[in-house]
Amino acid sequence: MHLLKTLCAFPAPSGEEAGLTQFVLDYVREHGPGWRQPPLVVHDENRLQDCLVLVFGQPRTAVFTHLDSIGFMVRYGRGLVPIGGPETEIGYQLVGEDAQGKIACTLAVTKTEDEDGDETEALGYEFSRAVAPGTSLTFACDFRETDTTVQSCYLDNRLGLWVALKLAETLEHGILAFSCGEEHGGGSVPYLARFIYEQYGVRQALICDITWASEGVRPGQGCAISRRDSAIPRRSYVERIRRLAEAAGVPYQLEVEEHGGSDGRELQRADVAWDWCFVGAPEENVHTPHELVHKADIASMLALYQVLLREL
Amino acid sequence: MHLLKTLCAFPAPSGEEAGLTQFVLDYVREHGPGWRQPPLVVHDENRLQDCLVLVFGQPRTAVFTHLDSIGFMVRYGRGLVPIGGPETEIGYQLVGEDAQGKIACTLAVTKTEDEDGDETEALGYEFSRAVAPGTSLTFACDFRETDTTVQSCYLDNRLGLWVALKLAETLEHGILAFSCGEEHGGGSVPYLARFIYEQYGVRQALICDITWASEGVRPGQGCAISRRDSAIPRRSYVERIRRLAEAAGVPYQLEVEEHGGSDGRELQRADVAWDWCFVGAPEENVHTPHELVHKADIASMLALYQVLLREL
Amino acid sequence: MHLLKTLCAFPAPSGEEAGLTQFVLDYVREHGPGWRQPPLVVHDENRLQDCLVLVFGQPRTAVFTHLDSIGFMVRYGRGLVPIGGPETEIGYQLVGEDAQGKIACTLAVTKTEDEDGDETEALGYEFSRAVAPGTSLTFACDFRETDTTVQSCYLDNRLGLWVALKLAETLEHGILAFSCGEEHGGGSVPYLARFIYEQYGVRQALICDITWASEGVRPGQGCAISRRDSAIPRRSYVERIRRLAEAAGVPYQLEVEEHGGSDGRELQRADVAWDWCFVGAPEENVHTPHELVHKADIASMLALYQVLLREL
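Residue numbers (our numbering), protein chains in the order written: chain W, 48 to 359; chain R, 48 to 359; chain L, 48 to 359.
No lab work stands behind these hints: they were computed from the structure.
Just so we're clear, the structure is a prediction, and the values are computed from it rather than from any experiment.
Mixed in with the good hints there might be a few duds.
One side only, chain R facing chain W, incomplete, derived with CB under 7 Å [claimed, not checked]: (1) GLY62; (2) GLU63; (3) GLN96; (4) VAL128; (5) GLY181.
We put the CB at the ideal spot given by N, CA and C, even for glycine.
Bound conformation, chain W alone (with noise of 0.2 Å):
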């Protein structure tokens, strides 16, 4: 879990993954060569910004995991903005950087008076000096472990991540694509999508991220596949994921949600076919600094990850 932990700790808020994607692409570099089928890794900024896209064999299914994180980002005075949609609970405590020096900061609300004297509430920070506006902050790291969980912020998505550089050791066919922006409204997919149906002809897709625990998804019950969340994925395709699992013996729960969106809403509305299925581990705590995961969960999300990229 070393490795799971420092990609927690590693500041990668929506439309600042530079160095994340660079990390990971060290990481492959490193380890690549030493994996049952060294894949061809695509890092190309004119094309796809701060994207990676690592090619396996013969790929016939793309496995899409998000880089980025939520986070805030400061605005004038002491006002903070949301990146994504984080929890703002006062007191977390946050981390960044600006021409200054390093910050470490306190999440507040600040009381702002308008002209009529009326109060409005509105996110800020507490700290010894000013931050420079558009300057960015994410959660300070905390990383537990116990025998059977993982607790720490951004395991959505670092743990999909972490679970895509597990799968891709092991890997003979499929793509790996590592995708920008996905908490704050999305944009990689689009570009990334259309390069790899273009390359490589790839229309499967599963998206490698982290849902949240409901009365229908309980921790440590399995990876959750999902028949829907705000997006309707054709049922042909999920069900042939079902089956699979089934086949396999993989533990698994079936998710089925009104609201929540992931990369998947992105490959729905493009304008080639794409069929697409979320597959990932449950959590409590969403976008709070204390996301709990269960590593049984974690290991039936590598599993059946494993099983999918061989059979779908």
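Since the structure of chain W is already known, use the hints to place chains R and L on it.
Positioned in the frame of chain W, the structure of chains R and L alone reads:
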């Protein structure tokens, strides 16, 4: 109206159109050879999934007709989540099927108590047994016909589909495109539109769908030509269509709405410069089991499509 | 400022840009031959509808400027629906034209009583006669100029258009793209962006539009470079732009907003990896007939575009 009745009773909520696609395909293969201009039938799951494209002669205009309907999906316990935007009156009859067999149940509201004892209400169903999560349910069809009206669930958009199939009988030049997923966020029009543009160079579209009656679009007064809904098509294209309707003497009503949407919205967002306009009969009791359309408006709709496909 | 005044008075709400497009085309044809580098003019209704593209030299960067404005459309009876997001103060003067002739009317609120006797309020107009449904209305233009400011309806975005046309006079390398529909959901940037990328390989964009003054972006203090609005562009690209502004000594202000959007959002969703950044003067009284911009900010905006098109 026997065909329309069959279409209205055919379950095909968003994401599960495959059965209806096959039905339409069989219908076209049976009847198409006797049409004035037998069409080229494009059914290519790799490129178009469960959509269908019929190409007649030298097409200049494409008619987009969505196959899917609204409905519900079983969540966990006795809960339901909507597919698209159905009305949700307690007591509506719903039908479906899971591994245990046929389902005929009733729409209900379930109350759940959270940890603090607070009650929340959610959509649910009443049935003699639990239904498998992920199962979709649709309105039970009660098709009613008078001398002047038809009434049923899913006139939106099986009536659009019916009009398209009637139009097909005498069509010389044009494309009929049967789309999926319209009721729940869309997603098939982008690849349909790209296919049609790339293969046939067509950039003119009509959206063959059903709208709602209002104080300005009254039942029985003619098919609506929509100046706008939440999206605004180019004025010049809508005006061309109005002039053709006027010249042909086909009764129509001009719709001007702030809300609502159709497959046209996805054409507007495409990276090809499509012109599009919604042309469809108005109905009462939208998205209920009791959608009601006047036969005079169906006749006007079909006549208008015949004129437009000839003249545009 | 005579040109700006003419542009502000030209009616061109979303969907009805054709007249303004022709005006700009005529302007370019008249003045373009005298510019430092006469551009290639692309006006191709089949491919670009009512948009316009000017290509100068060997372009590396495209400037997107929207032609359309907010406004209102007549619904039924005396009702209006908005085009885009106009402010709606009772008494605003509106102008338009239908088959019966010119219209000069007043924005009103109409009250309607439903079957149960409940009153609802809706947008409406007061005029001596009924106006045809589907007719669009725009703010009557009252152009006001002082030594330091200009004030009018539709500085958003006729001022952006004016800056683009001034920029054209000395531009050596770059693309000016005039878009449609921005105020009401967009829709032209996808095909504009595709055309520009496919024909010229350009993937760098600047959004030449007007933003709002705020506690962090003050009138008269310089053009805004936007770090973000509801969409977040890549940090690396925004930082390049800031450094170029700093190096050139052009006054600017960094904008950090949670809400709002521009043509940049559509570039972010494109299936080509565009970099984009919003660069534009701030205004007060946004989306009213009284939009106010300081001349110092206009000068800063033009100077900044001249630097960026040379250096990016």
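Right, here's what the structure says about each hint:
1. At about 4 Å, the closest approach between the beta carbon of GLY62/R and any beta carbon in chain W falls short of 7 Å, and the interface hint on this residue holds.
2. For GLU63/R, the shortest C-beta to C-beta distance to chain W is roughly 5 Å, which falls under 7 Å, so the interface hint holds.
3. Contact between GLN96/R and chain W, as hinted, is supported at the beta carbon level, the nearest pair being about 5 Å apart and thus within 7 Å.
4. Evaluation of the VAL128/R hint against chain W yields a held restraint, the C-beta minimum of about 4 Å falling below 7 Å.
5. The restraint placing GLY181/R at the interface with chain W holds, with a minimum CB-CB distance near 4 Å, inside the 7 Å limit.
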